[in-house]
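**Student:** Residues per chain, in single letters:
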Amino acid sequence: NAGVTQTPKFRVLKTGQSMTLLCAQDMNHEYMYWYRQDPGMGLRLIHYSVGEGTTAKGEVPDGYNVSRLKKQNFLLGLESAAPSQTSVYFCASSPQENYGYTFGSGTRLTVV
Amino acid sequence: AQSVTQLDSQVPVFEEAPVELRCNYSSSVSVYLFWYVQYPNQGLQLLLKYLSGSTLVKGINGFEAEFNKSQTSFHLRKPSVHISDTAEYFCAVNRGTSYGKLTFGQGTILTVHP
Chain A
932 NAGVTQTPKF
942 RVLKTGQSMT
952 LLCAQDMNHE
962 YMYWYRQDPG
972 MGLRLIHYSV
982 GEGTTAKGEV
992 PDGYNVSRLK
1002 KQNFLLGLES
1012 AAPSQTSVYF
1022 CASSPQENYG
1032 YTFGSGTRLT
1042 VV
Chain B
23 AQSVTQLDSQ
33 VPVFEEAPVE
43 LRCNYSSSVS
53 VYLFWYVQYP
63 NQGLQLLLKY
73 LSGSTLVKGI
83 NGFEAEFNKS
93 QTSFHLRKPS
103 VHISDTAEYF
113 CAVNRGTSYG
123 KLTFGQGTIL
133 TVHP
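Line by line, the protein sequences give chains A and B.
Counting from 932, one number per residue, gives the positions in the first sequence under the numbering used here.
Counting from 23, one number per residue, gives the positions in the second sequence under the numbering used here.
Since the hints were derived computationally from the structure, they do not count as laboratory data.
Heads up, some of the hints might be wrong.
The calculated DMTMM-like cross-link candidates involving lysine to aspartate or glutamate, where the alpha carbons are at most 20 Å apart (straight line), are [unchecked claim]:
{"hint": "1", "chain 1": "B", "residue 1": "K123", "chain 2": "A", "residue 2": "E1010"}
{"hint": "2", "chain 1": "B", "residue 1": "K91", "chain 2": "A", "residue 2": "D969"}
{"hint": "3", "chain 1": "B", "residue 1": "K123", "chain 2": "A", "residue 2": "D993"}
{"hint": "4", "chain 1": "B", "residue 1": "K123", "chain 2": "A", "residue 2": "E1028"}
{"hint": "5", "chain 1": "B", "residue 1": "K123", "chain 2": "A", "residue 2": "D969"}
Isolated chain B, as found in the complex (with noise of 0.2 Å):
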């Protein structure tokens, strides 16, 4: 069975700071990499995602990923965030042959302060 770990719950951060949220994932296959962010009563929104290709992934909004096969990350990083930002952000995995079910991250709340 294929997991997904979000290494941190809640990231705080400063306003212009750079900022790394991290996703780990167990797979013994190939496997499909997903963010989404919710705003606060929102349903989900989707980011980036990694399908093959460049391991490094541009998404909407400034954020990028980098899939580390070696390693099983997919950790999201953005140079600069906005207050704008805040939300809670989500790690999904998909292997190939599974109907596009995604398995998620336990989710990791980004606060932004001025």
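With the rest of the complex left out, here is chain A (with noise of 0.2 Å):
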């Protein structure tokens, strides 16, 4: 039973570039969220998915979409990255509200 499991593990872009994170769990979650933590601030929401196809934003969305075309992944996409945006990376996958989630390893990105 891999969990959530978050490629790539780690990524350095150049400003202006684009990429994309998966997220994909085995666990027939039907909520599933992307964080992104930045020392001292703790974890901060930056879209969220209730069920398949739904989306919506979190805290700070700015600069990031997200799409959820099967329920089992969730990805994080940025058109045009920014050094403000370099940071650690989290999925996490719920089955319900306030059951706890479980975490991806989380995505090391740093835009140069």
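With the hints as a guide, bring the two chains together.
**Tutor:** Here it is, written out as structure tokens:
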């Protein structure tokens, strides 16, 4: 049972480049979330999804887009990367509200 | 808007000593409260959660937390820590009607010294 898998684990981008981060879960969870973690700021919610085909904005959505075409996958896109998007990105999933999240191991992104 | 404040950014402690990591939240409605642990270079793992009922919640690895509604606190405690407890700990809160979205505190780095 893999749980939540994030790819890639590391990436370096140049300013203005685009990329997609993939999150895949094999637990049939309805809810999926993307957070970014920055030192001293905890985790901040970027976007989330409450089911296949649905997405919604979180606390810090600017510069990011998401899609959930299949229930098991939640993609996070950066259309034009900026140095301010240098961060560690975590995906999480949950079967229902307030059950608790299962987190992936994270993607460390550096934008130069 | 809800917020979560972890009152200590770093807590050093000696092995086998007790520890308390403090968390306060602000919310005018019912809340659900969580503690997560993050070991170096890993994702977060759920330690425990308070949804309702008994205000003393027991979690994994010998940790427990007490929900105090009047003081809007949810402090994490362990009576005797081990070297392996060295990690960063996050308190998180969710209002009941927000699709499971969590607001996280800034984190507390617990360092256990031999």
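**Student:** Determine for every hint whether it applies to the structure shown.
**Tutor:** Here is how each hint holds up against the structure:
no. : hint               : result
1   : K123(B) / E1010(A) : violated (25 Å)
2   : K91(B) / D969(A)   : violated (29 Å)
3   : K123(B) / D993(A)  : holds (18 Å)
4   : K123(B) / E1028(A) : holds (8 Å)
5   : K123(B) / D969(A)  : holds (18 Å)
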